[in-house]
Amino acid sequence: MNINNNNNIGYKTYLAVWCCLMILTAATVMAAGMGFGRYGSLASVLIASAKAGLILLFFMHLKYETFVFKLMLLAAILTMAVIIGLTFFDVGFRDGGR
Amino acid sequence: MTGAQREMSFYESGNGHTGILSWVLSTDHKRIGLLYLFSMFSFFFVAVILGLLMRLELIAPGPSIMTAESYNAMFTVHGVIMIFLFIIPGIPAGLGNFMLPLQIGARDMAFPRINLMSWWFYMTGAIVIIVSLFTGGGPPDTGWTFYVPYSIRTGTNVTLAVFGVFLLGISSTLTGLNLVTTIHRLRAPGLKWFRMPLFVWSLYATGWVQILATPVLGITLLLLMMERLFGFGFFDPARGGDPLLFEHLFWIYSHPAVYIMILPAMGIVTEIIPVFARRTIFGYKAIAFSSLSIASVGYLVWGHHMFTSGMSDISRVIFSFLTFIVAVPSGIKVFNWIASMYKGSIKLSSPLLFTVSFIFLFSLGGLTGLIIGALATNIFVHGTYFIVAHFHYMMFGGTAFAFFAGIHYWFPKIFGKMYREKPAITSCIVLFAGFNVLYFPMFILGLEGMPRRYYDYLPRFHTGHLISTVGSWILAAGLMIMFYNLIRSIFIGEVAGSNPWGGSTLEWTTSSPPPHENFTEIPVVTEGPYRFRK
Ligand SMILES: [Cu+2]
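Top to bottom, those sequences are chains C and F. Sequence positions in the first sequence follow the numbering used here and run 16 to 113. Sequence positions in the second sequence follow the numbering used here and run 488 to 1021.
Since the hints were made in silico from the structure, they are not lab data. Hints should not be assumed to be uniformly reliable.
Stated by the list, open to error - Straight-line Cα separation of at most 25 Å, SDA-like style, residue types lysine to any residue; simulated pairs:
hint	chain 1	residue 1	chain 2	residue 2
1	F	K834	F	V821
2	C	K78	F	V667
3	F	K679	C	L57
What the hints assert, rightly or not - Counterexamples of contact, computed for chain C against chain F with all Cβ distances above 10 Å:
hint	residue
4	I24
5	Y26
6	L30
7	A65
8	L69
9	F74
10	E80
11	V83
12	K85
13	T94
14	V97
15	I98
16	V106
17	G107
In this text, a Cβ means the ideal position worked out from N, Cα and C, and glycines have one as well.
Here chain F stands alone, though its shape is the one from the complex:
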């Protein structure tokens, strides 16, 4: 599929609209995927800047560049954007949307209009959140978790922000619905369940979590809004409510939400390793089933966020035990990834470099997760920087690094262009270094007793905070190199062939960028993925 007989790509073939309308009214999963990617990374940059400002404030004890009130607003908005606007839609709605039909040999998602609608819900939710920052009592200052009773009593604009998150929840549910239905209904002939690429398996598990868990968030936030607006008294102890009920409901969603973030990231990693090690994946079924078991056991562990909040003792023991169980399927995956690389002919290109960085950072995050998941040690580090370090290792070091890996891996497919390899490698190394300088000191600060979300600290924590702030600058530099390289290459990169990495999954059999309906002829699948000719 090269040269003269190359088909019109989906960028060129029209859809009845022109200009920006051809994007925001398109039902093509590829255009919607790109809409998501573009909007998500725009919000990501806002949140990165907020993070940098927070780190700058913490460079030395005492007030540096902002008031305590603005600091509270900043960590709240940083968290809300990063969680609800970037990392939850993140891989499933962006890369998943773009790649899923291509990987299963379909022409589009099962519900293209619902797909577009989910993006509109996403944007509406985002706009409502942005409006909430500048109206009413000002930006919310509760932290992204909106814990009661403070979130009921604060005068800041919590109601509107929560409504925005509610809309984002609808968007996420719709995406999940689309993922699950598409995988059930639209697989190419011959693509049996155990011939699907493992990224598809991870999206399947993710879709189920989105469908089953997100409504709980919606209900919880509605209750919170009603409580604020009409004083219902579900959660407010002064009215006979139970504040712990809010924590239960919130984490019933928000722990499974962690798997909405990490499962597709694991899927990307599983796609990349076989291609760059030129070996089939080790333990295909084990990886597929571990995705499903992470998704299901993930519902049973939410209480580990509440060990110090006054939950019953028996509950704490049960939740701690179940938390350890969920580590098993994650461990299976890590071992399988390593085993897949063993004796492969490894080519350390940028996607693989991001991937191995992921494995390292994810393992650190996962192992520190066990320290937090154990009831006894949790009491010691609860609410400290140790937690902050842990979840940044999982979410940034884990999900975002895999996201970057996926973007580098599928960039030639999405844009038909190739980025420059050297800056890509450099950016990965700088990001990796900056990341560890930024977040590793937080483990130590946490063990020393530095509480999270504090505007100020004792002088004995100064060194750790200073190192961490310097790390944030290195990380920012890495992001700049990476995005400069990528954005530049969209416009003036070299033309990439339809299969620059020698991948063996279906998306590489069509042209780059793919034509409007993905495949000229729907492929017939006769074997599993990751079969490479030496």
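So here's chain C without its partners, still in its complex pose:
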């Protein structure tokens, strides 16, 4: 079993992660104002994913878990990504074909 090694994670780490999250939030706001056009949502999704990743890794302790847990989460995220991707082959090309 993986023992709880909370002790190794100091407040410093948490604080640093929190700062990163704040910076990324600011980045989201800035990116929205920069007029990326249709790539704007792509930017926000990427930033949001980075934030979710930080939360998962540090606050939810995924970084300190065994490989198999990481693999499981990866499988779930990959499945979702593939499903959404495949759906876009319909949505993206539906009227292009005619």
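Following the hints, complete the assembly by docking chain F with the ligand onto the known chain C.
Relative to chain C, chain F with the ligand alone:
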């Protein structure tokens, strides 16, 4: 473990409750498994009767015994019960629940209370669905797929029925969670991954599908409920919604759900063949990995249900191609099963007879699946009886026959009694005959252009429908023989030993019925499954 030193079975040892409470409040995986089996087969019988009534209505053109409205309600309720209350919980929650800890040498599932909770969710969902039939605008008439925009606009009680299915989805997810965690955490010492029985592998793959796919159904149904209650406009084209989005979301769950149904069925078949051919399984790893690859590739093919619904052309081609790929691991399994029987010393007992019936019917269902999966031919048979025939070959001929095989195989373990062999063989033959008489004409009717879900038909379809209806009576007779034989044997069957078939997996090393915590001492595993002494 016989005679005087036989332990108290889990039926006898109490759990602080008496009577019915000792069942519905039990956290013992064996009792929960039996609760599931009992409730599932009760619902199964209701749905069988609905099916028989539908076939009776179709015995001749024109109205026979019911109105068109009741016919619509009947095929909907038949589908909802059979899919969500019988065949999806089916093998994993019933036999899987009972057998998984026994097969991996564990005392219970990883989360016994969640296990019980999943049964309660199941029953609550079932009750909500039953209530939906008699309240509001009456039983839903949308078909089990709840397609929009009709399901948004119909005045029948769709919202409540959908909520019931939502609860069943929670139940199914919890079961999957339990299966996966149990297999990761509770294997007996020495039971490495590639020493696990293949039924366990199939449950592992099934568990993952339940965990990853079922939430999509939950979300979809919630959106549908919100749309009906508050007019949100996700799906309704009149409000700028996209009805195809519903079909996507629905089949993103419901195609993988097909593998929730069929994977554990394949697992049972893989357990039975080596025992009755007295040979080790051919291609252990190939079968294990094919379960996993069916589960993962199964996520990529849902679009084959939507070839005629106005999806983009590129999507249709991609989905058709991927559908053909998923046939490969299924084919691997069929070849391995046949190869395992080759040169074995086969004993054609009832479990094996059900199993070979499964292989035949499943192959027919699978091959006709390729006709449907090919884009060009799909256009021709889409929405006809060909589809109805195909999925009944997969679900009844496939899953249910394997389910029956599993029940006959594990019956002596579950109840400690043996059923009579002759009626069991007879019931299998009658079921097999009735099944084919009932469903094979539907292939032909479909090719001739008979649309599914129709209350009435042209006179030129009469012969096919008549044969099919007669088949439904034969099938019903087979079910009656089988269940009479089994139920009778629970009470007055001969006592079965702990290992009547000479099985080599762990569940056969404990007494029948197993004691409360399955094993007096947790076994240590030193070799793979299916090693038989000649
Ligand atoms: Cu499908």
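Going down the list of hints, with the structure as the test:
no.: 1; hint: F:K834 x F:V821; in the structure: 19 Å, holds
no.: 2; hint: C:K78 x F:V667; in the structure: 22 Å, holds
no.: 3; hint: F:K679 x C:L57; in the structure: 44 Å, violated
no.: 4; hint: I24; in the structure: 25 Å, holds
no.: 5; hint: Y26; in the structure: 32 Å, holds
no.: 6; hint: L30; in the structure: 34 Å, holds
no.: 7; hint: A65; in the structure: 23 Å, holds
no.: 8; hint: L69; in the structure: 24 Å, holds
no.: 9; hint: F74; in the structure: 22 Å, holds
no.: 10; hint: E80; in the structure: 13 Å, holds
no.: 11; hint: V83; in the structure: 7 Å, violated
no.: 12; hint: K85; in the structure: 14 Å, holds
no.: 13; hint: T94; in the structure: 5 Å, violated
no.: 14; hint: V97; in the structure: 7 Å, violated
no.: 15; hint: I98; in the structure: 6 Å, violated
no.: 16; hint: V106; in the structure: 8 Å, violated
no.: 17; hint: G107; in the structure: 7 Å, violated
Checked against the numbered hints above, the structure violates hints 3, 11, 13, 14, 15, 16 and 17; every other hint is satisfied.
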